[in-house]
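These are the residues of each chain, in order.
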Amino acid sequence: MMGNKRSGWGLATGVALSLLPAATLAERGAAGHLNILYWQAPTILNPYLSSGPKDIEPASLVLEPLARYDETGNLVPWLAADIPTLANGGISDDLTTITWRLRPDLTWSDGMNFTAHDVVFTANYCISSDGGCQQAGKFSDVTRVEAMDDLTVRLTFAAPKPFPYGPLVGVETPILQKAQFEACMGAGAQSCTAQNTAPIGTGPFQVTDFRAGDVVTFEANPRYRDPEKPGFATVTIKGGGDAISAARAVLETGEMDYAWNLQVDPEILNTMADGGTGQIIRSFGTPVERLMINRTNPAPSLGDLRSTLKGGPHPFLTDPAVLAAMSLAIDRTVVAELGYGAAGKPICDILPAPAIYASSANDTCLTQDIDRARHLLDDAGWIDSDGDGVREKDGVRLSVLFQTSTNPVRQDTQALLKSWWAGIGIETELRHIDPSVFFGGDPGSPDTFQKFYADIQMFTNFFPGTDPEAYLNNWTCKSIPAPANNWLGFNIPRYCNADYDALAAELAQTSALEERAVIARRMNDMLMQAGALIPLVHRGDVSAISNTLKGVRMNSWDSELWNIADWTRAK
Amino acid sequence: MFTYTLRRLAFSIPVLLAISLVIFLLIDLAPNDPTANLPLTIPPEIREQLRTGLGLDAPTHVRYLLWCKQFFIHEPLNLLDGMMGNESSRLRLQSWSTHTPVMELIAERLPQTLWVVGLSLVIGILIALPLGILSARHQHGWVDQFGTFVAMLGFSVPSFFLGVLMIIVFSVKLGWFPSIYDTTHRVTDWHSLGVQLRQMVMPVTVLALFNAAQFSRFLRASMLETLHQDFIRTARAKGMSEARVLLRHALRNAIGPVVTVISLAIPQVFAGAIITEQVFRVNGLGQLLISGIQSGDVPLVQTLTFLFAVLIVLFNLMADITYGLLDPRIRYD
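If you read the protein sequences in the order shown, they are chains A and B. So for the first sequence, my numbering puts the first residue at 44; every next one is plus one. So for the second sequence, my numbering puts the first residue at 17; every next one is plus one.
Treat the hints with care, since some could be wrong.
[As the list claims (entries may be wrong)] Keeping only pairs whose Cα atoms sit at most 30 Å apart, straight-line, the calculated DSS-like set for lysine-lysine is:
1) A:K97 - A:K436
2) B:K85 - A:K593
3) A:K221 - A:K388
4) A:K461 - A:K388
5) B:K189 - A:K614
6) A:K614 - A:K593
Worth flagging that the hints you see were computed from the coordinates, not collected in a lab.
Turn these sequences into a full structure, and let the hints steer you where they fit.
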């Protein structure tokens, strides 16, 4: 049902898009040359041997997947004729197979026909490549890939997969040409320099020159399926330098048309945007900067039981009034603007996107309300009885240790939060730890984010792709880091709730997208209402485009260059 | 002199082998992980497989000997095969991050590095020679004051500051020169030569200023010392022209230490200019080295640093030999 609806939409937008340029620029390549700047330079164009965005996004000009995500996170058929669903029979009733039907009459840029055998080859190329395939995780549950006929491919999974759109979908796992890569299976993969730097694809462009770590040049694919596209005849993707100078090249000197990943001090970026030659564009995926609240007791006196369920609950951070007051005292708009500028917006949910998963039940947190926060604490019996500015109850003082990784933006945020919390009578001690130690995951170190020997900590987490199931599973009881599992697991707040676990189990059995979204939103709301996590800022991707460039639809779910075939130049 | 050269060359072989081992151990002991830069979404077991795939599970000495075999045996033989026009199937030194032979990467980067860094060395020398001589000749005169000012500027203003300053003035405000170096640009006629020169102006200026500052100071000091000696007074007393006194008598005696400094600067040309290349996106050997270090690309970093070591050893020898040629009083045999 979903798939039909969506392919209908896809058709409608497709028609609209092909009509629009036809009115102005009817000819392939009429827009001339396009200059793109990826300041981390591309070093290889085979996404199976490098998973960095700097490599897979330039490769997306050439290589295409069966389906990809548009800028709203919706799946659109690309090399496939439609999106397989339970309703159209593309997904089997037991959820263990998915059958893709390919678009007919597709050709590779060298003139060969694109068939199901290329798709099967690509999957096997990754599965059998002796540890060289960086996307192997996408294929981990795939037991069999077979071509039913020249235009039909079936993937079989080891276990039921309610969301089977992992392998061969999206920018990370596009289709390679069997004829070109046949000799590169297994150990040969590493020495196939010519193939890895100039893959033959079905996309709008083909590689003309590749210099690792420096520059890649492309020309329009003469056999691209839409005779009016791509709008540009040639493309250069230049690398090197840093983000600030990349922004300058688009916004101030106008030498470049597009600059990617501009994680630059917001003040500097805004000043550059006044340069007049370009503008800043942004899009939001799933990363959220959040506070994690330790629901277990981190007191050093507990020894090995510190910050574990066995050590007992936290003396005050399980009190809903305290958690609600702490969240209310934060002005998220200030945090977002100060630290992230265009790349951040205030958020009250841990699951912010795609749109269908975004809950609106917690939006009251967007407005700071110090008075109400004080009121909540008063009512809960937390009173500053000795006049030292810190509230207490039954001999427990509201004093927290707040840690995060060393990073100027995070230290600014820490200072802001400390002052707001001081205003409602909560004392905060700040600490920051070198990122390589904090995120290093060394079980021997007491300072890792998993051990969480503090009351509150802050960092960003996100999930790849658009399906939040694995991400939401992070907060089930079994994902709690503890000595028994060598401190692995992402349930940092040590949140454990049977109702939540039951919803997670239900999500694993549900295939229809709307139902999945309902469950996911409920899980998000449950976490938010328990106060296990306090979201702060929804972090986005920032790029810059020239004022003359038209057709860019910035995308956080797929390659930023996903619709480059539609890009043109304003006259 | 010939036997001396042979002896020095023979002695440099064990030296270079020792250097290669030290470099390898340094890189190996340093905490770097070629899978560290991968997105967080790649699970740990796949990272482990990737490391195994790169041969990182082998013991240190095996990996070192493998590198030696590839560098000292396979690569020269491949070069020979390439010259004879044969296809070779020997295992080449592969970069981990690009999966291309290291030697091809170096060959790709060499032209822009030689153009930009090499030219800056030449221009630096061309500025430093007259500046150093005249500064010494008219000590405390206006040329000397100017030279001191330029030298102070060249030494004390870091290239990442000067480079960005030049971009803001000449690219953003005036629009005279491009801020991004186009390595794919081909010089085919006068116009394209003009484009090439324009894109080289800023990086070459930044680098040449430092070179000129360094060389001119050395030359000035050395000339000052020479100009106060008796044989100069004698030459002047004999009625020689000032140019002859300066160039034939003083410069020839004073140039020795400067030649040493310059010949030791030549290997630096091949090492590229890490910061300046980054600022102007020249993407030469310096940028290759730094990106290799960042991505934990051991074969690339090892090969590059070792090649620099070879060049430094060779140019040290060259400096000694030139010294002897310039100053007949010095004989090594």
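Comparing the hints with the structure gives:
1. A:K97 - A:K436: Violated, because 53 Å separates the two Cα atoms, which is more than 30 Å.
2. B:K85 - A:K593: The hint is violated at about 53 Å.
3. A:K221 - A:K388: The hint is violated at about 44 Å.
4. A:K461 - A:K388: holds, 20 Å
5. B:K189 - A:K614: Given pair K189 of chain B, K614 of chain A holds - Cα atoms ~25 Å apart, limit 30 Å.
6. A:K614 - A:K593: Given pair K614 of chain A, K593 of chain A holds - Cα atoms ~10 Å apart, limit 30 Å.
Of the numbered hints listed earlier, those contradicted by the structure are 1, 2, 3.
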